[in-house]
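*Asks:* Residue-level listing of the chains:
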Amino acid sequence: MSIDHDQDVTRAERSDNVPAIPDPGLPEHTWRPTDVDERLAKRAERQVATLFGLSSVCVLLFLVSYFVLDVGDNHTTFAGFGASTVALGSTLGGALLFIGIGIIQWARKLMGDHEISEMRHPARSSDEDRAATLEALALGAEESGIGRRPLVRNSLLGAVGLLGLPAIVMLRDLGPLPGDKLYHTVWEKGMRVVRDVVGTPINKADLEIGDLVNAEPEIVFAVDEEGEHVLEGVELQVAKSKAAVILLRMDPSDITPAKGRENWSVDGIVCYSKICTHVGCPISLNERKTHHLLCPCHQSTFDLADSGKVVFGPAARSLPQLPLMVDEEGFLVAQSDFTEPVGPSFWERG
Amino acid sequence: MSVDTSKVADTNAGTAATPKKPGKAGVVANWADERLGLGTLMKKNLRKVFPDHWSFMLGEIALWSFVVLLLSGVFLTLWYTPSMGEVEYQGSYNPLRGVEMSEAMASTLRLSFDVRGGLLMRQMHHWAAMLFIASMMIHLLRVYFTGAFRKPRELNWVIGSLLLLLGTLEGFTGYSLPDDLLSGTGIRAADGFMKSMPVVGTYMSFFLFGGEFPGEAIIPRLYTVHVLLIPGILLALIAAHMLLLVYHKHTQWPGPGRTEENVVGFPMLPVYAAKAGGFFFIVFGVSALMGGLLSINPVWKFGPYDPTKVTAGSQPDWYMGWPDGLLRIMPGWESHFWGVTLSWNVFIPIIVMPGLMFTILLMLPFIESWVTGDKRDHHLLQRPRNAPTRTAVMVALMTFYGLAWIAGGNDIIAIKLHLSINQITYFIRAAIFVGPVIAFLITRRWCISLQRHDEQKLLHGYETGIIMRSAEGGYSERHLPVNEAEAYTLTAREREEVWTPGDRTDANGVPAKRGRLDGLRGKLSTLMYADNVQPVTKEELEAAHHHADHEHELQASLEGQPADGHQFNGHHAVDGEDLRGDH
Ligand code: HEM
Ligand code: FES
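Quick mapping for you: the protein sequence lines, in order, are chains A and B. Per my numbering, residue 410 is the first one in the first sequence, and the count goes up by one each step. Per my numbering, residue 997 is the first one in the second sequence, and the count goes up by one each step.
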């Protein structure tokens, strides 16, 4: 490989590829002012050194900011994320940028700027090398007898292939089998529908026409005799993920109940799963006039007056409805669990 | 063969024998070389030539932002706790004090408000991730539009595409780690995506989450994937990418003295190393400035994840926007048969389409070389206009991507522009099919007319904007020839040949059998090349000069004026001649 030869290397003669104009060759090198004027070179040198010096100043300022400025509850100063962050970021940024600019300035002004040319070589190896390699491979195959003794070869292939099985099987305990978990939620007959966050039961008289309430099953907030939460940790999260519901009171005459759902509402109060049947976002945006519920994730829109049917968007299935009734004390309770799985579709759902 | 014995110990002295006393640096170099043999390796590479062009910097941005990600990421791991165990937040961010949240979220808040420089590092990490992915995408476009993916560089194209895919996944896993409301919403959607997969979907979901969503395994598992698995693979692939780059040597733009056989540019040491090294500091510095001055992912405003909550306008990071957009415009199709459910509405946009797009991306170099039948090495870049069909294919893909991405913001567009979301959706449903076709046709035509323009410039000179009035009173614009270097650059490209089926013969001159796809291949090759403007030949150039000479005779009265027309006939060089002529 030849390096550093400045002459032009003309394009190889390819029958179809001779350009109409002959290659004039690399343009002559032009000298920069800093190459010919020592004063300018000195000045560039000072510039570069100054840039490096500025970087060090920034580092000092960084250290000062680090020790002087508080983090913590001053997050509202400076665009919402703290004087400390702003100061540390600017000084660190400055320190790095000045070094970068300095080095590039150095390269542009003071380092040699002769373009040099180097020959390429084809990526392929030479014919001799190829032949030698093939020969070595053939020799290896011959000496091992891998071709002549298929029994050894095949049993080895089989054995190594089977080693994949432990690797796959060992992943089995990543999680339990689905079983029928996706078909049930914590809702059951008589469980109260309580307000989200506060957990208070809801009397049907509490709701005006047009009111929308985010609600959950009572058990999410329940405590046992010792004052411990009945559901905690993962169980609680899983329960909430599936059982969250929405209550909406509308004019009873607006409701078009599906067959078999005539008695699922209480005086115009309907209850639907809050989990979008598309890919599972909790739904929350209500269009008051139309009883439409909009999912903020991909805008599927469900009609709560008409069995939760999809009126727009990518969801394919209606929102599951929770059958409602009133208990002895006049609070809203479920008649049963949902009658179908909530949330996104899955293969086994049928 | 003579053996240099000067380095072989010939005494029992404690020090190795050396030919002469080297300086301090020499001692170190000698120590290293005697053990590693670096001299031979470095001899070849220290003055390796790298051509210079602004667009070659895009890949460098990606490389350096990856380094920034490694550094800032390691800092974050020192405080971040990958656990979904519930704790009550007691840190210094008042509005959330006393709120139950996962340890992951609490430690992210600690990083943001109680660790000095922690928020800076979080924001730097996130901004660097944006830079990483964006620069990879633009770098990919540069490589494609200039034809830098052609033989022998196809494998580096494949590696690059894998890097983009893995970078995107890495970004998604990182986005999920803080366990705030937005990231939890993203994970939940991912659970829905998985469940849409036929046969295995439900099992995959249960295995990934360690049970039913959300479980308590997902954050620690994503953490391992985010800090170990994917970065490890990325590192290996980046190393391979760089090694191949060095082995193939960088492509270059054609021009005087720059050919298929050489590479012209600055030597690795010192100029290229200095520029690249300096550039690292610049990328690092810019990330630091962005991290310090621009807020990103303020998780404290979203609050901890709660499976019953969601914020309006939920959106993933921008690079996940296009599948999200497809998800939004997909009609709600779902099939029920044999007691199972297949959710086309989720499966197609989020599982099939990204896979398909990625496969197309990966295959582009191979498809092109199959269509063109071109199996030669290429080291000179092409201008996008000189490969009209190739350019048009990518513009069509970009149009598809862009429309899908816009669909991902349909709610925001609806609010900002006061449009109905339904109309936007219906519009994009149609546009996503029609748009790429229109984009393809326009781009291809546009490129070809740019090629014509180049040809005109070469044959008849460039438009000077000088209007001449002839003796008869007619007006014409004066054209002046382009200089030699530019003229050469314009002609220095290859003639293209349409691949026609059936014109191949084997070694014995017997026509080869027609393959099954030969007809299609021939048609595609025609589409690829047939309308292109081929480089000007010597004869055409001479004819044009002759014509110019002729014109010159007609305009003999202008003799002696500046730009008298001699410039057209090539009889004398024009370099350095004052064409505008104030003499
Ligand atoms: C290509 C590489 C990478 C990309 C695209 C990426 C992307 C991200 C993103 C977008 C986040 C969310 C940041 C936030 O707003 O809080 C994140 C978080 C995180 N990343 Fe990375 N990352 C990468 C590499 C790494 C590496 C190499 C490490 C460590 C060795 C790392 C460690 C972390 C940690 C600990 C978090 C959680 C921090 C927090 O929640 O505040 N990342 N990453
Ligand atoms: S999750 Fe509700 S529309 Fe996609």
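Any given hint could be a false lead.
Said to hold, decoys possible - Examples of chain B residues lying across from chain A (beta carbon under 7 angstroms, computed):
1. L1115
2. A1130
3. Y1484
Said to hold, decoys possible - What follows is a list of derived Cβ distance ranges for each label pair:
4. A/V473 <-> B/V1063: 25 to 31 angstroms
5. A/P559 <-> B/V1024: 36 to 42 angstroms
6. A/A568 <-> B/G1351: 32 to 38 angstroms
7. A/A576 <-> B/P1327: 37 to 43 angstroms
8. B/P1327 <-> A/A568: 46 to 52 angstroms
Claimed, not checked - Derived BS3-like pairs: lysine-lysine, alpha-carbon spacing no greater than 27 angstroms straight-line:
9. B/K1147 <-> A/K698
10. A/K613 <-> A/K598
11. B/K1371 <-> B/K1147
12. A/K598 <-> A/K698
13. A/K698 <-> A/K668
14. A/K518 <-> A/K451
15. B/K1147 <-> A/K518
16. B/K1044 <-> A/K518
17. A/K518 <-> A/K598
Simulated from the structure, these hints should not be mistaken for laboratory data. Note that this is a predicted model, so its numbers are computed, not measured. Glycine included, every Cβ here is placed at the ideal spot set by N, Cα and C.
*Asks:* Run every hint past the structure and note whether it holds.
*Replies:* Hints, verified against the model:
A least Cβ separation of about 5 angstroms between B/L1115 and chain A falls short of the 7 angstroms threshold, and the interface hint therefore holds. The interface hint given for B/A1130 is broken, as the beta carbon of that residue sits about 19 angstroms from the closest beta carbon of chain A, more than 7 angstroms. For B/Y1484, the shortest C-beta to C-beta distance to chain A is roughly 5 angstroms, which falls under 7 angstroms, so the interface hint holds. Evaluation of the 25 to 31 angstroms hint for A/V473 and B/V1063 yields a pass: the beta carbon distance comes to about 27 angstroms.
Here the CB-CB span from A/P559 to B/V1024 is close to 56 angstroms, at odds with the stated 36 to 42 angstroms. The supplied range of 32 to 38 angstroms is met by A/A568 and B/G1351, whose beta-carbon atoms lie about 33 angstroms from each other. A C-beta distance of roughly 41 angstroms is found between A/A576 and B/P1327, which places it inside the suggested range of 37 to 43 angstroms. Distance hint check: the CB atoms of B/P1327 and A/A568 are about 50 angstroms apart, consistent with the given range 46 to 52 angstroms.
Under the criterion of a C-alpha separation no larger than 27 angstroms, the hint pairing B/K1147 with A/K698 is inconsistent with the structure, at around 63 angstroms. A distance of roughly 18 angstroms separates the Cα atoms of A/K613 and A/K598; the hinted pair therefore holds under the 27 angstroms criterion. Distance check on the hinted pair: B/K1371 and B/K1147 sit about 7 angstroms apart at the alpha-carbon level, within 27 angstroms; holds. With a C-alpha separation of about 31 angstroms, the suggested pair A/K598 and A/K698 falls outside the 27 angstroms cut-off, and the hint is violated.
Distance restraint check for A/K698 and A/K668: the Cα-Cα separation of roughly 24 angstroms lies within the 27 angstroms cut-off, and the hinted pair is therefore satisfied. Of the pairs offered as hints, the one joining A/K518 and A/K451 holds, with about 10 angstroms between alpha carbons and a cut-off of 27 angstroms not exceeded. Straight-line distance between C-alpha atoms of B/K1147 and A/K518 comes to about 37 angstroms, which puts the hinted pair past the 27 angstroms bound. Restraint check for B/K1044 and A/K518: satisfied, since their Cα atoms lie roughly 21 angstroms apart, inside the 27 angstroms limit.
With a CA separation close to 83 angstroms, the supplied pair A/K518 and A/K598 exceeds the 27 angstroms bound.
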